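Student: If you want the building blocks of each chain, they are given just below.
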Amino acid sequence: MNPAGRTGLMPADSASGATLHTIVAVMSFLACLSLGFVLTLGRLASEWTDGLSGSVTVQLLPSAQISPEDQVKEALRLVKNWPGVFAARALSREDSQKMLEPWLGGGNVLTDLPVPQLIEVTLQPGPVELEGLARALADGVPGATLDDHKRWNAELASFATSSEAVGWAVLALIALATLAIVIFATQAGLQAHREIVEVVHMIGAKDVFIANEFQRHFMWLGVRGGIIGLVLAAVTLVGSSFLMNSREAPVGAQYLPQLVSSPLLYTWLLCVPVVMGLIAMWTARFTVLRVLGRMP
Amino acid sequence: MVRFENVGMRYGLGPEILRDISFTLDQGSFHLLTGPSGAGKTSLLKLIYLAERPCRGAISMFGREIATTPRDELPGLRRRIGVVFQEFRLLDHLTVFENVSLPRRVMGEMESQYRAEVEELLSWVGLGNRLNAKPATLSGGEKQRVAIARAVVAKPELLLADEPTGNVDPEIGGRIMRLFTELNKLGTCVMIATHDMRIMERVPASRIYRLAEGRLTVAKAHDFMAQAKRA
Ligand SMILES: Nc1ncnc2c1ncn2[C@@H]1O[C@H](COP(=O)(O)OP(=O)(O)OP(=O)(O)O)[C@@H](O)[C@H]1O
Ligand SMILES: [Mg+2]
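Those protein sequence lines, which keep their order, are chains A and B. Be aware that the first sequence starts at 1, since it is given in my numbering, and climbs by one per residue. Be aware that the second sequence starts at 1001, since it is given in my numbering, and climbs by one per residue.
Hints are computed from structural coordinates only; laboratory data are not their basis. Certain hints may be false.
[What the hints assert, rightly or not] Distance condition first, Cα-Cα at most 25 Å in a straight line; then the derived DSS-like pairs of lysine-lysine:
(1) K98(A) with K73(A)
(2) K1134(B) with K1155(B)
(3) K1155(B) with K206(A)
(4) K1155(B) with K1185(B)
(5) K1046(B) with K1155(B)
(6) K1185(B) with K206(A)
Keep in mind that this is a model prediction, so the values were computed, not measured.
Isolated chain B, as found in the complex (with noise of 0.2 Å):
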């Protein structure tokens, strides 16, 4: 459902910080994608939630070239992608409970066919009882929380994290992680970017990805756990 073929991409007139990227990710499949700090990840990510365009290569997504696709068709892709951000970029103003709802909104829905969801839903999270508190009222953890809830919403056909766990305890690491797997039992692609070790050993990651200068490496997740307990 997503392809990349030789894809380039640098910010501006900088240098190419991702080179010759080619990859695929299968429907139902699971993905981490690792590498140091700075390497690209999120740049990567922000490909494939088309955010960036690249400045080579070709990218398709469900089925679609991206390059060609006319620019009032790519909200319509957008829509079955959710995205955790790294920064979570949650809108101050407005509550937990809206913020969530909010891709529920985009696509024109009443609030009537969404309420008991999201509340569901963030009773899942753990933030049942903080439905109309403020952003700014939210601990890291907690905010990180409602990016996800916001992310899963729409029932996502492919869903990318940006370090979904960097701000919450193991305990809460081990939920997200849970529902994460059962959402892609029911058929989303997942994509994690992720430094935590803890959380490759518990997904069931069919691939794990390597960016490292600017350049994508793939290994079985086994092979790479392996290599990694070696090292």
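Chain A with its partners taken away, still in its complex shape (with noise of 0.2 Å):
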């Protein structure tokens, strides 16, 4: 990778840069896994919340003014016409016996327990008066309740903010650390061509010359470095969501968090070499130009 097509001033191979392209690609990996982990959870607080927000659901307890048909129908009726509601649908026996099976257990509960009856309505994007339909309902139906997961939502929502922000955290400091033990690593592996730079600054070679084919090799080793670390990354996570999908997967795995698949998220992932490379390319000119500066 040398566009000038002749060799370098810098030994194209050497411990230093091997040291150098296994540190760049281990942090590189972590930068990405946790990138990954980061975006996945803001996606997914995004997915939940709006999730919820698209539907509300009517609690139909059973009245004495009403009979339970009535009851059903008048609410339908009520919410089907309100202003913003894209359908409604009552649940019948079985998907409320289905929605209560891992709490209750199979069998004939519901024919026993007082389980109110539930109408999902889905509403359309944009503003919904939820208020005045709860309201209405209220006032028009004997026993109907609207439950607008507004309590629900605003945890989630909580929630998911506070792990996204957790996981920033945790991507800057690994940003951090990468950003030190790559500068550190670099000036190692410049100690190591100290010969080179003063024998060509006393051949007569300008400050810049040096400094330009110093931070031509470190930005390559950089990138080298990175793409390995993205590459692995990039199987984990592929391998993970895999795994996850497939049949052997533990009881319950899908429910996990999926953590790729999206274009956004493999955007951002191409972004880590290069920040790779432009790091050790700066640490290398700062640094040769602050050894050539002691030079007379």
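Hey, can you piece these two chains together into the complex? The hints should help.
Tutor: Pasting the structure below:
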């Protein structure tokens, strides 16, 4: 990888180069993974809140003033005509039973228990006058209440935001550690090439010429290390999602957050090798210019 | 083209190893620098090729006062000087050809501009068949010839050589000295630091400098040789 098409002033492979490659690769791997987690969390949070805010539920408690059939009919009529409502569907006994099964177990529980009848209401995107609907239901249909998931919504949203914040903090720490380690390794690599700097300097090279040679060498080193880390991270991410979706996955694994598969995520991950290259490049430039500045 | 006036030099906070050095090198002249080991010959050359700064006195190179020359103009002056380092200082990861081309490359030339010249120069010093060898595979004398080729490849106005015949047999030593004399005839000012008495007999040195105890004394070549023979 030498655009000039001739041997660079730097040795192509040296012991320090191998160390630097490894360090950059490992740090890129960690950065890619944590970036994956953060972005997944962010997406998950918005999916959860979107999914919930797109729907509300009407609960119908048995009432002495109205027969259950009329109660459902009345409530459906009122809800369906409300502006902003996309669809409304009364859940059947079986639907309710299925929803409650994990908690109550199978069997004929519902026939024995006074389980409320539920109506699932899907909303159109955009603001809907839910408080008005709640009042209308309370006034018009005895035993009807509206559950707009507000409490859930708020809790989920704050949970998602706080875990996203933790994720970003972890990412920032990894970035900081990467910066420090890459700077350290680059400087160690330069130390090994001090003789080259001195000789080329005394032969009459300008500081900028030497800095360019070094920064190009270290930029490619950083990019290569970053790509190795990126590939490893991509394999890990894809592999984990594949395992989770496969039949052998433990029961419930499919409900765990899915890590991959947004193009946005991959665009972000591609930034990692670029950033690694830039860090190595600027460190090399800065260090070489400082070393040269001390020479007459 | 080189003028030293009362120059003193020390490494760090150590003692002054060069004191009150004054001399001038004119264009086209040929000089030898002798003196016991540790006298400061290499240090004096370092001052001339601008690798060290004096602690006092004034140095002027090619008509420029070094003390007042901005740092970014020094590379331009260094390019007019060719140096054969005592320890060669070849770059181990580059081939013989690449090592010798380095000064031309540093000047921004393309390989097509110097390829033929470098090859010719290398075959002249007897290394025409080792173009792609790495320095680690060369003998001491071969390394020395590579170092010499690198020093002269950019046709410097001033050539400094530190013990350039230390590792070669008399035959090659003679060739190297002939190369230096040829360059000198073409107008290059040459200064060679050496212990080698045979060199002194062979070259047209206009002056022989002698460093001892940090001071520089000058002798006309003839007087020096006569003195050396008597001793
Ligand atoms: N980088 C350095 N730092 C400190 N002291 C040095 C350094 N280089 C040389 N010296 C000291 O300066 C003195 C002169 O050294 P120099 O190398 O100039 O001698 P020289 O005449 O070239 O000797 P030789 O004939 O053995 O090459 C010596 O005492 C040496 O120890
Ligand atoms: Mg010496």
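Student: Decide, hint by hint, whether the structure agrees.
Tutor: Hint check results:
Distance restraint check for K98(A) and K73(A): the Cα-Cα separation of roughly 23 Å lies within the 25 Å cut-off, and the hinted pair is therefore satisfied. The suggested pairing of K1134(B) with K1155(B) holds, with an alpha-carbon distance near 24 Å, which does not exceed 25 Å. For a cut-off of 25 Å, the pair hint linking K1155(B) to K206(A) stands: about 19 Å separates their Cα positions. About 13 Å separates the Cα atoms of K1155(B) and K1185(B), which keeps this hinted pair within 25 Å; it holds.
Between K1046(B) and K1155(B) the alpha-carbon distance is near 19 Å, which keeps this suggested pair within the 25 Å criterion. For the suggested pair K1185(B) and K206(A), the alpha carbons sit about 30 Å apart, so the restraint of at most 25 Å is broken.
Figure legend: structure checked against the earlier numbered hints; the only hint not met is number 6.
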